[in-house]
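Here the protein sequences come in this chain order: A and B.
In terms of the working numbering, the first sequence opens at residue 1 and continues consecutively.
In terms of the working numbering, the second sequence opens at residue 1 and continues consecutively.
Source of the hints: derived by calculation from the structure; they are not laboratory data.
Every residue gets a Cβ at the ideal spot worked out from N, C-alpha and C, and that includes glycine.
One or more hints might be untrue.
Stated by the list, open to error - Here are some chain A residues pointing at chain B (derived, C-beta under 10 angstroms):
| hint | residue |
| --- | --- |
| 1 | E5 |
| 2 | P8 |
| 3 | Y35 |
| 4 | A85 |
| 5 | F88 |
Claimed, not checked - Each pair of labels, with its calculated beta carbon distance range:
| hint | chain 1 | residue 1 | chain 2 | residue 2 | range |
| --- | --- | --- | --- | --- | --- |
| 6 | B | S59 | A | Q14 | 23 to 31 angstroms |
| 7 | A | E17 | B | S20 | 41 to 49 angstroms |
| 8 | A | R80 | B | P61 | 38 to 46 angstroms |
| 9 | A | S108 | B | G3 | 15 to 23 angstroms |
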Amino acid sequence: SQQGEEDPQALSIQEGENATMNCSYKTSINNLQWYRQNSGRGLVHLILIRSNEREKHSGRLRVTLDTSKKSSSLLITASRAADTASYFCATDEGTALIFGKGTTLSVSS
Amino acid sequence: ETGVTQTPRHLVMGMTNKKSLKCEQHLGHNAMYWYKQSAKKPLELMFVYNFKEQTENNSVPSRFSPECPNSSHLFLHLHTLQPEDSALYLCASSQDRQGIVPQHFGDGTRLSIL
């Protein structure tokens, strides 16, 4: 069953701009995770936010969580060409991690 | 380098062939996973092993057969696959089985069925 749904499906920006991706989910969660996948590579864990947290930072990444709206956002500030990748949110459903379809981010220089 | 190594990186096989995918993790984790990633579809969890015991099989066809001889190694044996099985197969590991911990992924095996 699909839990997280990212929006937009694709995003194109210029270097230096900020990129915001959103994730909506359907059922109660214990935590929400964001992952990045570069072309031809596996997924890399970026950040985990627990259900009792509202905001979390990691370098140029800022994640927010609104459990009342069942949504999360990932903000990448001052984007770089190297940020070009697909970004996935994942939520825990029981003991499984359920991934969305992802947002494809393209950063041009 | 994620600490999870998958081989081969690419595999082309006919529908009547038998092949195996291999995954090895060097992180000391206790849980290992197989995922299937097809174009324009969410990542699909196939199998879960925790302390070498299979704890989850998400209605995967029997032409996919997992094997976990120890906590560091995971195999996916393939036989009589179908064209729709062409996909990227990803292996992942985590410290334990709970969904609340990050998973570490290998770079996958790109499988093409002729």
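Earlier hints that do not hold, by number: Numbers 2, 4, 6 and 9 - these are the hints that the structure violates, sorted from lowest upward.
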